[in-house]
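**Q** So the chains spell out like this:
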Amino acid sequence: MTILITQNLCRDFGGVRAIHKVNLNFAENEMRAIIGPNGAGKTTFFNVITGRMPPSSGKVIYQGRDITGKSPHEIVRLGITRTFQKSSIFPGLSVFENVRIAVQTQSGGSRRIFSSRLSLSDVTLETESILDRLGLKDQAYTLANNLSHGDQRVLEIGIALAGKPKLLLLDEPTAGMSPRETERTTRLIRQLCSDLAIILVEHDMDVVMAISDKISVMHYGCIIAEGSPEEIQRNEQVREAYLGRED
Amino acid sequence: MNKQGPNPKNRFLMLLGGLFLLAFLVSLPFILDNRFYLRLATEILIYGLLAMSLDVLLGYTGLLSFMHAVYMGIGAYTVGLFLKYLDPTSSVWVLLLFGMVITAAIALPIGWVQVRTGGFSFALLTIAFGMMLYTVVWKARDITGGDDGLIGIPTPNISLGGWVIGKTSDPITVYFFTLAIVLLCFLITWRIIRSPLGAVLESIRENEERASFIGIHVHRYKLFGWMLACSLAGVCGVLFTLLKGSVSPTMMDANAGGAVLMMTLLGGLGTLWGPFLGAGVFIFAQDYISTMTEHWMIFLGLILILLVLFIPKGIAGFRNYFTTNQHP
Numbered sequence: 002m003t004i005l006i007t008q009n010l011c012r013d014f015g016g017v018r019a020i021h022k023v024n025l026n027f028a029e030n031e032m033r034a035i036i037g038p039n040g041a042g043k044t045t046f047f048n049v050i051t052g053r054m055p056p057s058s059g060k061v062i063y064q065g066r067d068i069t070g071k072s073p074h075e076i077v078r079l080g081i082t083r084t085f086q087k088s089s090i091f092p093g094l095s096v097f098e099n100v101r102i103a104v105q106t107q108s109g110g111s112r113r114i115f116s117s118r119l120s121l122s123d124v125t126l127e128t129e130s131i132l133d134r135l136g137l138k139d140q141a142y143t144l145a146n147n148l149s150h151g152d153q154r155v156l157e158i159g160i161a162l163a164g165k166p167k168l169l170l171l172d173e174p175t176a177g178m179s180p181r182e183t184e185r186t187t188r189l190i191r192q193l194c195s196d197l198a199i200i201l202v203e204h205d206m207d208v209v210m211a212i213s214d215k216i217s218v219m220h221y222g223c224i225i226a227e228g229s230p231e232e233i234q235r236n237e238q239v240r241e242a243y244l245g246r247e248d
Numbered sequence: 603m604n605k606q607g608p609n610p611k612n613r614f615l616m617l618l619g620g621l622f623l624l625a626f627l628v629s630l631p632f633i634l635d636n637r638f639y640l641r642l643a644t645e646i647l648i649y650g651l652l653a654m655s656l657d658v659l660l661g662y663t664g665l666l667s668f669m670h671a672v673y674m675g676i677g678a679y680t681v682g683l684f685l686k687y688l689d690p691t692s693s694v695w696v697l698l699l700f701g702m703v704i705t706a707a708i709a710l711p712i713g714w715v716q717v718r719t720g721g722f723s724f725a726l727l728t729i730a731f732g733m734m735l736y737t738v739v740w741k742a743r744d745i746t747g748g749d750d751g752l753i754g755i756p757t758p759n760i761s762l763g764g765w766v767i768g769k770t771s772d773p774i775t776v777y778f779f780t781l782a783i784v785l786l787c788f789l790i791t792w793r794i795i796r797s798p799l800g801a802v803l804e805s806i807r808e809n810e811e812r813a814s815f816i817g818i819h820v821h822r823y824k825l826f827g828w829m830l831a832c833s834l835a836g837v838c839g840v841l842f843t844l845l846k847g848s849v850s851p852t853m854m855d856a857n858a859g860g861a862v863l864m865m866t867l868l869g870g871l872g873t874l875w876g877p878f879l880g881a882g883v884f885i886f887a888q889d890y891i892s893t894m895t896e897h898w899m900i901f902l903g904l905i906l907i908l909l910v911l912f913i914p915k916g917i918a919g920f921r922n923y924f925t926t927n928q929h930p
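These protein sequence lines map, in sequence, to chains B and E.
All letters in the first sequence, in the order written, are residues 2 to 248 by our numbering.
All letters in the second sequence, in the order written, are residues 603 to 930 by our numbering.
If we strip away everything but chain E, and leave its shape as in the complex, we get (with noise of 0.2 Å):
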């Protein structure tokens, strides 16, 4: 019988580039002295990971949701209005904790009643439910501002067991505390989709009949994959929130959610760390592109059309001509 798994040199060199690209990111603030790009590279690493928290439903689960930028917004809201209502001095794990927590509350009923259904009607489902919220958040001038967003949102310390590191008006504090629980949040859900538990998410995602007729609770572990990724995508917005001091509803429409999905199947399903590369080439030809158009939009829809046509398995589908011993 073969061996499972990646071979042991696969997964050294698996080890070797995660080191390498841990170094790079932990000097990114000394080699960028341009404070603009430390802030997009932070948006990065937030999109990056709600990319791969969408990733997770869909490239693990099986799931398409065409708004899941929404549940980034709940959280982004969540803190935006704690901080500037309740507490403007608020420990930011308490903000994380906060945010994780509320939206993770509102997701819970959406996800109970999505979970019984599947694909095609689950996707409209996403969108329904997430128009909705976009509306309510969108409509509530009087606690959200409104189309104005909400602007002014105090800018709390950074502290660790009574150390003040920083202040989240610091674009570098903000990067490397925005790393910190990035990688932290990564680690935890990669541990979480090889576990036991994971092997049941995926065997949903390719057969969700069969799936029940072994005896997997199907929608009980569907709605543990949504309640995963909506979370994640929560602590997402918290993250948005601290680096921008101001939240806007475009973030929580459907352009937003569509971007995330650009973001995942640009990358790559299935891999976890494909969305993270997706959500670095998204924002960076956003930005690029938009200095030259402003229909940057067209040619970004041209670059995932020839991705979806020659490279389906996104950037993350480059990796087999690396490895040695991959199987198509």
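Next comes chain B alone, as it looks inside the complex (with noise of 0.2 Å):
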């Protein structure tokens, strides 16, 4: 089963073409990585999947129906969910708050106007085990600013798993990381992927090769290539056109 098509996806930023006529298709519960150099539209697409910007042209069909232009509150209630490439939390808020508050949000429980924050005895219980599984509990009562940059990026996908998702997007989630913190994330990610699809943009080219199960090369904003691990590797365009320079 498909969970995400898109087609013919353009999106310009007067006259430049951040993407051109990308067509993919997502299967549900697959991970998938998005690699490019950067400035290759990456981010772009996902801005316009999410709804952060609307495509120049193009359709976005997520589970059968036309989510093209919505905006971002309803394409997440539909079970898009993402990370975004600097870290966006709420800052001033505990780490709990942080994921209690998406929870709430997804369980419907924000119009209760006048009952206490606490007495939605099944978000707290649904926040303590994301956090439990983002191994944020010992934090749970530190202001998600003081936190490690790791811990944010961490917490920033416990957010965004708060939103129960089909379709999770990660924007280089272990940019700027320790190897220790990119290991711990990269298992988190894995694990995650058992119930959900996941849409990865990401550098670290270890964790690419470690974790997807297909991998789309993206160029100039176009679609260059597609693959398992083992064929991008081998592919001669991605070698010369990404990999090759990097080595």
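Don't take every hint at face value.
[To be verified] Sample of chain B residues facing chain E (criterion: CB under 8 Å; computed from the structure):
no.	residue
1	G40
2	R113
3	I114
I should point out that these hints are in silico values taken from the structure, not numbers from a laboratory.
No residue lacks a Cβ here, since even glycine has one placed at the ideal position from N, Cα and C.
Put the complex together from the two separate chains, hints included.
**A** Structure follows, in structure tokens:
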């Protein structure tokens, strides 16, 4: 079963083509990596799918319905959540509250005006279980702003998970992490992909090769190759465009 | 895992402090035999509520309004006109409802436009819309009295369930009535802020984009914050008219808007009770310093500069020195 299809998806920025005629299919529970040099259009692709900006043309089909041009909160409610290249968390709230508010929103408890926040006991339980999975339980009442960079990135994955996504978009989750943090995050992502589809934008090739089912390569806004990690590693065109330069 | 929220000891201290404060406020008319100061105390309660309502917008939802006093003015003019031209003996409860509803009705379309922006643009729009409303009131001489203000507003009775408590011309009656309404508004707002919906407002303050990417319909909740703040401002306006018996357009001008903002900042954002302290200090200082010099704003400005530089959390920020287990 496919979960997401993009049809001829384009996005221009004043004459500059950020992405051009991107046709991709994503299967349920698939772990897909999108790689490509900086400026290839990977983040723009995420932004167009998640409603942060509308495409210039083309369509986004999610679970058989056209979601092109819907606003971010509508798309989140349909089951697509994301993280950002630069951590986007609630800096002045506790780690617990960061996740709790996302769980609360997903559970539809936000319209309650006069009850206490902690009276939503299933929300509290779900929050605790997510913090447990992230390994942030000991820091539950630390201000998110005071977390280390690596923990902030992990927290953001937790916030995205709290939305109970069927499709999770991770934009360079291990960027700026130490090797140990990268390893921990990789393990976390690998655990997740058993019950949801993940699209991963990542520059760390070790991470990409280790966890992806399939890789799509983007170059100057176009998809130039697609295949299993082994196929991509062997692909001459990819080597020239991307991998070759890094060696 | 640590426990969240105030520990039982702090909660007990808070409750005790609140009860003392309440006892003090209730006995104030019997301590102060000076009518002038009792009126000043009533004014502080009203402006405290106004500053608190701005705190809902600025301290909890993260939206800056430079002209919040305008919405108090609308409430004040609405009931002033109602009393003067329609029903001089109207029930104060009808007036409260009427003032609040009309203020909300005017604030709704403005808010609808404003919440589509954020940050700097939102703040600028509050000035633009506020100036327009102020000018309409100021220039509609035939109805509002223009520069001269609306004077000679009748003073209706305050009654509850058929029992007449007193006349609004009596400072003690007005004081108690104001205290009751302000307390009620404070408690309702306190409850809302601590509810799941209050948590949504805080998340918008912290990171609007992230809030929309966890599925929050940000415009809708920003509009809720705006409407709550403006409705409360409308209530302040009603109380103000009942206290003063007259309304002047200066209560809606940019200076007035700046004054409310100063009260809120002075008291401390994001606390709800801080702005009441801010209003107290501001109005008392205004009264005290202006007996010595006309240029009291210079001194107030000076105090504010020192506050912003050295105690950015406002007066309420001092509580951290008295409570235990507080992490900065």
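**Q** Now tell me if each hint is right for this structure.
**A** Here is what the structure says about each hint:
The criterion of a C-beta within 8 Å of any C-beta in chain E is not met by B:G40, whose closest approach is roughly 22 Å, and the hint is violated. Given hint, B:R113 at the interface with chain E, holds; its Cβ is 5 Å from that chain's nearest Cβ, closer than 8 Å. The interface hint given for B:I114 holds, since its Cβ lies 5 Å from the closest Cβ of chain E, which is under the 8 Å cut-off.
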